[in-house]
Amino acid sequence: MLRNALGKTFRFVGYTVQYGCIAHCAFEYLGGIVVCSGPSMEPTIQNSDIVFSENLSRHFYCIRKGDIVIVKSPNDPKSNICKRVIGLEGDKVCTSNPSDFLKSHSYVPKGHVWLEGDNLRNSTDSRCYGPVPYGLIRGRICFKIWPLNDFGFLRASPNGHRFLDD
Amino acid sequence: MSTLTCQNCGRITLLIVLSINIHRVSWSIQAGSPRNPEQKIIKRVIALEGDIIKTIGYKKKYVKVPHGHIWVEGDHHGHSFDSNAFGPVSLGLLHARATHILWPPQRWQKLQPMLPPERKPLQREQE
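Chains as they are written, first to last, in UniProt numbering: chain W, 1 to 166; chain A, 1 to 127.
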């Protein structure tokens, strides 16, 4: 009787560990579901939207200009931020705000990306803390799941003028 | 735990891969390089966020390490590609702490946390 219960407990623990490892590998290397909060990516992603992010792109270095990515915050490693990639390494980016009279430009250093939120007026992004190392990118958002009336692939950037062609 | 082949020195070091919540000055840590995301570098932590240090060959002579960043240096100054070249490193790039050298056998040792006295921060925010 006791042996039966003990056997069942061990089997349960074994399955839990197995599924835990598979889940961890899946979230780390494949992708996962993310709940976004904050106004910085409006109108593309609203507060409390649920999106699906995939992590394969960053491992294979196929993050492109215009992708929306989840990044570990440069100033707080415990929190994640969600922004759009405006420039990759070597690209020329506009570092000044749209409201500034004099525009300033710079080039994104090697191994870094330039991030900006779609809601330029209400977003702390690379215009505030500078280019972000590529190694901080956690995943790429590819699909919106919730709300259902906005289900599907994400729209292109409403700020097309921020993408400078070399 | 995992092992890593340290490319520029041919040694194999044992790393403890933990979620690093407690990071102290003078530990050797492994991090992703800010310049090349594919490359991992092993350096020593010299200063934490809020500390003010004097740099060697960096564009600014005195640097206050920003919030969420650390200052790392190799033990061989002048021949090391470290924070004196690319500036403070974001904590999110930190991967593990190097604890032992495993290979070659004549170099078996525990890596001691040691801060060279001449590299002490000028002002420490947290003691």
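Take these hints with a grain of salt, some might be off.
[Claimed, not checked] Here are the in silico distance ranges between beta carbons for each label pair: (1) His100(A) with Ile22(W): 28 to 36 Å; (2) Cys25(W) with Ile56(A): 37 to 45 Å; (3) Leu102(A) with Gly20(W): 38 to 46 Å; (4) Lys60(A) with Ile22(W): 44 to 52 Å; (5) Ala23(W) with Gln112(A): 51 to 59 Å.
[As the list claims (entries may be wrong)] Computed list of lysine-lysine pairs in DSS-like fashion (alpha-carbon distance at most 27 Å, straight line): (6) Lys103(W) with Lys59(A); (7) Lys8(W) with Lys59(A); (8) Lys120(A) with Lys92(W); (9) Lys40(A) with Lys78(W); (10) Lys40(A) with Lys103(W); (11) Lys65(W) with Lys61(A); (12) Lys54(A) with Lys8(W); (13) Lys110(W) with Lys64(A); (14) Lys110(A) with Lys110(W); (15) Lys60(A) with Lys8(W); (16) Lys59(A) with Lys92(W); (17) Lys110(W) with Lys60(A); (18) Lys64(A) with Lys40(A); (19) Lys65(W) with Lys64(A).
[Stated by the list, open to error] Sample of chain A residues with no beta-carbon within 12 Å of chain W, all distances over it, derived: (20) Lys40; (21) Glu49; (22) Phe86; (23) Pro117.
Quick caveat, the hints were computed from the structure, so don't treat them as lab data.
Since the model is a prediction, treat every value here as computed from it, not as a measurement.
Using N, Cα and C, we set each Cβ at its ideal position, and we do this for glycine too.
The hints, checked one at a time:
1. As the Cβ distance of His100(A) to Ile22(W) is approximately 30 Å, the hint placing it in 28 to 36 Å holds.
2. The beta-carbon spacing between Cys25(W) and Ile56(A), approximately 41 Å, falls within the hinted interval of 37 to 45 Å.
3. Judged by the Cβ atoms, the range 38 to 46 Å given for Leu102(A) and Gly20(W) is violated: they are separated by roughly 28 Å.
4. Look at Lys60(A) against Ile22(W): about 47 Å separates their beta carbons, and that is inside 44 to 52 Å.
5. Ala23(W) and Gln112(A) have their C-beta atoms about 38 Å apart, which leaves the hinted 51 to 59 Å range violated.
6. Of the supplied pair hints, the one linking Lys103(W) and Lys59(A) holds, its CA atoms being roughly 25 Å apart against a limit of 27 Å.
7. Proximity of Lys8(W) to Lys59(A) is assessed by CA-CA distance (about 63 Å); at most 27 Å being required, the pair is judged violated.
8. For the proposed pair Lys120(A) and Lys92(W), the alpha carbon gap of about 38 Å is over 27 Å, so the pair is violated.
9. Taking the CA atoms of Lys40(A) and Lys78(W), the gap is near 21 Å; set against the 27 Å cutoff, the hint holds.
10. In summary, the hint linking Lys40(A) to Lys103(W) is not supported, as the alpha carbons are separated by about 36 Å, beyond the 27 Å threshold.
11. Distance restraint check for Lys65(W) and Lys61(A): the Cα-Cα separation of roughly 35 Å exceeds the 27 Å cut-off, and the hinted pair is therefore not satisfied.
12. Only pairs whose Cα atoms come within 27 Å are accepted, and Lys54(A) paired with Lys8(W) is rejected, the gap being roughly 61 Å.
13. As the CA atoms of Lys110(W) and Lys64(A) are separated by approximately 23 Å, the hinted pair is consistent with the 27 Å bound.
14. With a C-alpha separation of about 34 Å, the suggested pair Lys110(A) and Lys110(W) falls outside the 27 Å cut-off, and the hint is violated.
15. Our distance criterion of 27 Å between C-alpha atoms is broken by Lys60(A) and Lys8(W), whose separation comes to about 63 Å.
16. Note on Lys59(A) and Lys92(W): the hinted pairing holds, with a Cα-Cα distance of about 22 Å set against a maximum of 27 Å.
17. Distance check on the hinted pair: Lys110(W) and Lys60(A) sit about 20 Å apart at the alpha-carbon level, within 27 Å; holds.
18. As the CA atoms of Lys64(A) and Lys40(A) are separated by approximately 25 Å, the hinted pair is consistent with the 27 Å bound.
19. Using a Cα cut-off of 27 Å, the hinted pair Lys65(W) and Lys64(A) is violated, with the two alpha carbons roughly 32 Å apart.
20. A beta-carbon of chain W comes within 12 Å of the beta-carbon of Lys40(A); the shortest separation is about 9 Å.
21. Under the 12 Å C-beta cut-off, the non-interface status given to Glu49(A) relative to chain W is violated; the minimum distance is some 9 Å.
22. Distance check on Phe86(A): its Cβ comes as close as 8 Å (rounded) to a Cβ of chain W, failing to clear the 12 Å threshold; non-interface status is violated.
23. For Pro117(A), the shortest C-beta to C-beta distance to chain W comes to about 29 Å, beyond the 12 Å cut-off, and the non-interface label holds.
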